[in-house]
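Asker: Sequence:
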Amino acid sequence: MTYQTPEDRPIYRLLTGKDDRAFCERVSEALAQGWRLYGSPSITYDGGMDCVKVAQAVVWHEADVVK
1 MTYQTPEDRP IYRLLTGKDD RAFCERVSEA LAQGWRLYGS PSITYDGGMD
51 CVKVAQAVVW HEADVVK
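The sequence shown begins at 1 in the numbering used here and counts up one residue at a time.
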């Protein structure tokens with residue numbers, strides 16, 4: 001089955017970045033567009049960049065994804 005996602009994106013996306021306001025805004029924007037959270041977020045410390053990095057998977061709201 002084909003789903004129509006914004007900007008023809010895949011139905012599964014992994015959002016990653018520095019743990020800051022910009023990352024939270026990207027996740028919030030995805031949710032506002034119709035994506036839904038998939039699983040728990042992941043967090044790690046990047047010693048080379050001296051910052052915390054996070055990741056959150058999202059899936060298109062119409063997709064029937066099995067965990």
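Hints were generated in silico from the structure; no laboratory data involved. Every value quoted in this text rests on a predicted model; they were computed, and no experiment measured them. Be aware that one or more of the hints could be misleading.
Using 20 Å as the maximum straight-line C-alpha spacing, the simulated EDC-like pairs for lysine to aspartate or glutamate come out as follows [unchecked claim]: (1) Lys53 x Glu29; (2) Lys18 x Glu29; (3) Lys53 x Glu25; (4) Lys18 x Glu62; (5) Lys18 x Asp64; (6) Lys53 x Asp19; (7) Lys53 x Asp8.
Asker: Confirm or reject each hint.
Answerer: Status of the hints after comparison with the structure:
Proximity of lysine 53 to glutamate 29 is assessed by CA-CA distance (about 19 Å); at most 20 Å being required, the pair is judged to hold. Restraint check: the Cα-Cα separation between lysine 18 and glutamate 29 comes to about 16 Å, which is no more than 20 Å; the hinted pair holds. Note on lysine 53 and glutamate 25: the hinted pairing holds, with a Cα-Cα distance of about 15 Å set against a maximum of 20 Å. A threshold of 20 Å between alpha carbons decides the hint, and for lysine 18 with glutamate 62 the separation of about 28 Å lies outside it, so the pair is violated.
Distance restraint check for lysine 18 and aspartate 64: the Cα-Cα separation of roughly 29 Å exceeds the 20 Å cut-off, and the hinted pair is therefore not satisfied. Of the supplied pair hints, the one linking lysine 53 and aspartate 19 holds, its CA atoms being roughly 5 Å apart against a limit of 20 Å. Our distance criterion of 20 Å between C-alpha atoms is broken by lysine 53 and aspartate 8, whose separation comes to about 27 Å.
Checked against the numbered hints given earlier, the structure breaks hints 4, 5 and 7 and satisfies all the rest.
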